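Participant: One letter stands for each residue in the lines below.
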Amino acid sequence: MRGAARFAHPVFWLPTVLTLLVVAALWSWVAAGNPYVLPTLPSVGRQFLDQPDLYLTNAWTTLSEALLGLLAGVAAAVLVAVLICESALFRRGVTPLAVILNVTPVVAIAPALVVAFGFGMTPKVVVTGLTTFFPVLMNTVTGLRSVDRHVLQVFRTVDASRLDVLLRLRFPSALPYLFSSLRVVFPLSLVGAIVAEFSAAGAQSGLGTLISVASSNSQLDRVFAAIACLAAMGSLMLLVVTTVERRALSWHESQNRR
Amino acid sequence: MRGAARFAHPVFWLPTVLTLLVVAALWSWVAAGNPYVLPTLPSVGRQFLDQPDLYLTNAWTTLSEALLGLLAGVAAAVLVAVLICESALFRRGVTPLAVILNVTPVVAIAPALVVAFGFGMTPKVVVTGLTTFFPVLMNTVTGLRSVDRHVLQVFRTVDASRLDVLLRLRFPSALPYLFSSLRVVFPLSLVGAIVAEFSAAGAQSGLGTLISVASSNSQLDRVFAAIACLAAMGSLMLLVVTTVERRALSWHESQNRR
Amino acid sequence: MSTEPAPGAPFVAVDDACKTYGDGEKSVRALAHVDLQVPRGRFVSVIGPSGCGKSTLLRLVAGLEEPDAGTVRICGRTPEAARAAKLIGFVPQVPALLPWLDVLGNVRVLEKVNRPAGRRGSRRGLASDPVALLTRLGLGDVLHRRPGQLSGGMQQRAALARAFALEPQVLLMDEPFSALDEFTRESAQLQLLDVWQDLRTTVVFVTHSIAEAVLLSDTVVVMAAGPGRVAGVVDIDLDRPRHHGQLDTAAMHEHEHRVRQLLETAWNPLEPSGRDVA
Amino acid sequence: MSTEPAPGAPFVAVDDACKTYGDGEKSVRALAHVDLQVPRGRFVSVIGPSGCGKSTLLRLVAGLEEPDAGTVRICGRTPEAARAAKLIGFVPQVPALLPWLDVLGNVRVLEKVNRPAGRRGSRRGLASDPVALLTRLGLGDVLHRRPGQLSGGMQQRAALARAFALEPQVLLMDEPFSALDEFTRESAQLQLLDVWQDLRTTVVFVTHSIAEAVLLSDTVVVMAAGPGRVAGVVDIDLDRPRHHGQLDTAAMHEHEHRVRQLLETAWNPLEPSGRDVA
Amino acid sequence: ACGGSDDDDAAGGSTPTGSRGSAVSAERCAQNEAAGRVTYVTGFQYQASASILDPIAARALGYFDDVCLDVEIQPGTGETAQNAQLVAAGTAQVSSIAGNGDVLVNVANGVDVKAVAMFGHVPVATLMTKPDITDLKQLEGTTLGQKGALPVTIEAMLRAKGVDLSKVKQVVVGYDPSVLVRGQVQSLTGYKSNEPLTLAAMGEEVTEWNPEDYGVPGSIATTIVNPAFLADHRTAVEDFLRAQLKAYAYCEDHAEECVADAAELSQAGYDTDHNVEVWRTETGLVDGSLPAGQVLGQIDEAPVRTEGDFLVQMRQIPAVPDLGEVVVPDLVPSLYSGGELVWPVP
Ligand SMILES: Nc1ncnc2c1ncn2[C@@H]1O[C@H](COP(=O)(O)OP(=O)(O)OP(=O)(O)O)[C@@H](O)[C@H]1O
Ligand SMILES: Nc1ncnc2c1ncn2[C@@H]1O[C@H](COP(=O)(O)OP(=O)(O)OP(=O)(O)O)[C@@H](O)[C@H]1O
Ligand SMILES: [Mg+2]
Ligand SMILES: [Mg+2]
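Residue numbers (the numbering used here), protein chains in the order written: chain A, 1328 to 1585; chain B, 1328 to 1585; chain C, 1448 to 1725; chain D, 1448 to 1725; chain E, 635 to 980.
Only chain A is shown next, with the shape it has when bound in the complex:
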């Protein structure tokens, strides 16, 4: 109830709306002077009105790739973070690998991905997973380590198993860090999915494919309509994470309102 009321209050949405209006004004001004660089806002809007289905179905493709990739990437990152945190040997072994995966440009390994995973959705999910992996890994490692010394001592005096320390102590302590990274990777997963659609053969649909096709035809209005979809999805994902975070971290200083 209070949550919903919060959203309805002008203080909540007015700044957002105002910023968007300012951006729109700036946009229109630039677009008027540079019709080849930015499409006009009405022409972008018309895209949605003319073919809502086109954007909905492609957005859905990209969103489902992004969400599956998120699931895989976040799960893998948390798992590896746990292993890194539990074993320095593992950390030294795996960190260089993680960096390699992180800096390898997708376009370079796109053929390998298609060979390994076929033309379907899998390579896109893999790319998205790789994109989300590193930020979550780094934050979760720090989070798992940021355990209050005294509480850890209490747990150690009762000979808490590593699993208990992990699940009941380290994991909750890591949540503020984990959520910070989730706020990063939820929107970022969309970028991962799009880049995968750009660069791996076999992309039949998705906003990335749409942007790629539209830009090869110089259909600026379509490109930017797709970007608008992405921005909307990204903002929504961020809102979801923030809302869950607010509930899950009500005990943490970072959620104090002043």
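It is possible that some hints are incorrect.
[Stated by the list, open to error] Computed footprint of chain B on chain E, listed as stretches where at least three residues anywhere in the stretch have a Cβ under 8 Å from a Cβ of chain B:
hint	region
1	741-754
2	808-815
[As the list claims (entries may be wrong)] Facing chain C, from chain D, some residues (calculated, C-beta under 7 Å):
hint	residue
3	Met1601
4	Phe1630
5	His1691
[Said to hold, decoys possible] The calculated lysine-lysine pairs, modelled on BS3-like cross-linking and capped at a C-alpha distance of 30 Å, are:
hint	chain 1	residue 1	chain 2	residue 2
6	E	Lys771	E	Lys781
7	C	Lys1473	D	Lys1559
8	C	Lys1559	D	Lys1473
9	E	Lys781	E	Lys764
10	E	Lys764	E	Lys803
11	E	Lys803	E	Lys781
Just so you know, these hints were derived from the structure itself, not from any lab. These figures come from a predicted structure and were not determined experimentally. For glycine and all other residues, C-beta sits at the position ideal for the given N, C-alpha and C.
Got chain A; can you put chains B, C, D and E with the ligands on it based on the hints?
Facilitator: Coordinates of chains B, C, D and E with the ligands only, in the frame set by chain A:
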């Protein structure tokens, strides 16, 4: 002294070396079966031996783009994080914008970047900056808010100025979060620079350009030699961040060794 | 000096203050209609059962919480204005040190933040020499250790030094000696009395030790819980300076006894199950 | 029961333990050649000036720190083995509650983590009913509040309940009542004595209150600082059960006096500048 | 989620075809079916280029069905090296690649594919300038926009005209051809069948400088196959090309219908009008450059060698690979009889 000795000890480097050996073995096995997907390691090595200059100069170009972008992106992110943390209005206004910037694919805004920044290094620095901006922003915001309640109260009783609270209290409290994100964005900045070279205007050199040309010619050995450069640079950057972090956060739980 | 209130008016005045934490079903009434008047330069101790709202009252005076009803005035001003005038020194119940600074740094950082207070020009030895201050508190050897490397009592003393160094007009202290042994505590008490007398500081001092309250204070305020309220006030009309040798005098015992009685009535109705188990 | 040591052997034995924190120039000698023998079922208090190494000693016994030299044995085993056998209950100097769990959750989580101890089968009321335990400690109304919503004393009592609920064979407590008022403290003391007598628990109890140490203990160990060492041991040969009414008896005073004297000599050489200011 | 080959509705072209196998003998049908699913990767998405639109149409028209082929069409990303690698790895069996030059570069870099057909005999790349440029020499001291690397054919053209390339500033531009119109670059590389059309549609007038006018060799749309697949299932490759060529001919007359088929396949937005133009332009280039006496699709060693020598000269490859190993010249001619495509196949 102790730092240097630490690196020299086998416990430090052996796991890394072992992992790399295992990866190399796996690699060779895959490359033998699929020479079109992965080049053999000797052929990659030969690339370096044959043309060390090529890789050094291009790596330097990419590195300088990445570092400049990092500087800009991290500075902007910390600044915006401070503003967000100081004003809820600003947060509501600016967050959607940040998401839009974060999810916009570089390829789509490449023309706009050219118009705005010309063909030089600037558009790459801008793209790199945008890549690094969001992770740092999100973590720094959480960090600036994660201030111990009691310490904050003490500061408030002496009517500490916002600036004092920020510089002397919030900022140090945010350091563990900031460093987590720096560990992410230092390697990530290389990806940003490369993507910029792929898609933004005016790239004449840089590992991204090298990869893009080589991969369109199926010169896998060259592609992977460039990736090896990236991985080496990324690992080095990570090592630098981690070392600085260790010193700067010696007071923080996350740096406890067990 | 602009900090002088109207003559006769109390320096710290809490009028009919109420404070409830949270809302709805889960709300907690921490304070109900609490009055507290502290004339300038007075040393007032607040004593009461655990959870009765002593810390809340102190935070209210410091302006760290808003009362739901009633008013708080320091020297005739709102707590915010008093903070802006750099009148307040606060020792919270936990040491609340900055973990990234050493002991000396922790004392100095608050001085720096409090800078405009320096303009009063009345600075004496204290603030200008935090090292001496820390040394007197027995921390001379650990000036450059970080809080994480200190014992509990050392942390508490560092927090104490930090507040003393501010030379505040009002010193609000929340169980500042709870982690100190008898002798270190005595030394710290003496130093507190020094600060108080030299600066004519007004002190509001939360403690659980009846003896300490009686020894140090002009007035002991006894609070009761459920909800937090003032159960009684005991004026300690003993001569100054007092010293620990007086602890066993009849006059002292008499006062202690009155405070203990008040406290017992304040405590008893609350936790009926507490005492009958033996 | 497998936890029985060889007859006559001390249950908790610290032999010639040394502990230095850090290394190089910045090192701190916290303990030097400390011996401590606690027979099974004994109640031993440790008292000493702030920073003399009491907490360090307790952490050494709990196996949370390794001694640089010397040995620690609990029931003939290493602290690690004792922990594995779920013999130990520890109340640290700070409450160390989990901020994301409510009071009840904080008590239960440690029980769950300590699960194999349940297999001892000897569980009595305590652990099986944490709500009753918390109610007796005056926390019956705040079972579902989180640590951040509790007063300092409430947090300390929650930490106390958490340790009691474990029904440990050895209870290591670091100033567990420091944030409690006189009456709440008395009630908590009584409950501690209950636990101790019912379970034949061996207690090592760090406190700053001489009266408390004398009232509760069989033996008071007085420590001195610089570096931390045992300055003297006072056996309290008073009858059990004792009660607060005895506080003013001559026998009690006599013991208190001896402890105070030991403590004073332990304290005095350390901070020569501390007392001469008056 | 792949290909359109699962939805049978897509076969509803306007020319009704016979049932499965109607155009082949039972024996050949069995041979083709033994090849299993044939994966074809297009050059770029479902764009109406030669070797993209025609296979799509062949599927839609049911031609593949008629020859008992189970074809799956996967959209490529425009990075034709990826197509070559996928074919060499066997992930795809057949693909289209920009031209012979690309085949040679890939093969020279160790990617093992065979070229079985090609369509146009001119380079597809072009250099656009504003009309005020009347001599390429004028480009010295100006900025040239390209898409990642200057196409060798353009480079050769510029060199042939004596342009000092060190005096031309090269920059990489995005997909947006308007950089030329806005004067940010004075020349811009592109595909004859894309950017000029786009600019024309914007109403902008540009000059196209075509390499073939300066004696630079080139080709459009070379079909590559996996060598092992070719060895094991030659009839399948033959009949794939047969169906593709038949569809090519059909689409020359029914451009709108074929583009509509592609549009239907494309889920990511399709500019039908633009693509009809693309198809018309490309077929014009293909047909216009077909050497006399050759059949459509025919690939011979000679033009490939010319391109190879050219690439060696331009330092793109160290040496021309053994063309006997790369080019399969006899496959396409065998599809014809007396200049006519054989259909149905006996
Ligand atoms: N983690 C640490 N690193 C370095 N020095 C430490 C550390 N913990 C404690 N010390 C030092 O060891 C000495 C003993 O500390 P300890 O906490 O045991 O004292 P204590 O007797 O418990 O004091 P208190 O009564 O104030 O709690 C002190 O000088 C303290 O500064
Ligand atoms: N932030 C908070 N949110 C909710 N309830 C709170 C909060 N702070 C304090 N309370 C409640 O208010 C009451 C008074 O707390 P307060 O800390 O003022 O007690 P206290 O007298 O200082 O006790 P102690 O002697 O134990 O420190 C308690 O019931 C406590 O649970
Ligand atoms: Mg309190
Ligand atoms: Mg201690």
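Participant: State for each hint whether it applies.
Facilitator: Each hint, compared with the structure:
1. 741-754: Our answer is that it holds, as 4 residues pass the Cβ test (under 8 Å) against chain B, meeting three.
2. 808-815: Contact hint for the region 808-815 of chain E vs chain B: holds, 5 residues under 8 Å.
3. Met1601: Result: holds, 5 Å to nearest chain C Cβ.
4. Phe1630: holds (4 Å)
5. His1691: violated (10 Å)
6. E:Lys771 to E:Lys781: holds (22 Å)
7. C:Lys1473 to D:Lys1559: This hinted pair holds, its Cα atoms lying about 27 Å apart.
8. C:Lys1559 to D:Lys1473: With Cα atoms ~27 Å apart, C:Lys1559 and D:Lys1473 stay inside 30 Å; holds.
9. E:Lys781 to E:Lys764: Status holds; Cα separation ~18 Å.
10. E:Lys764 to E:Lys803: Holds, because 17 Å separates the two Cα atoms, which is no more than 30 Å.
11. E:Lys803 to E:Lys781: Answer holds: E:Lys803 to E:Lys781 is near 14 Å, not above 30 Å.
Going through the hint list in order, the structure does not satisfy hint 5, though it satisfies all others.
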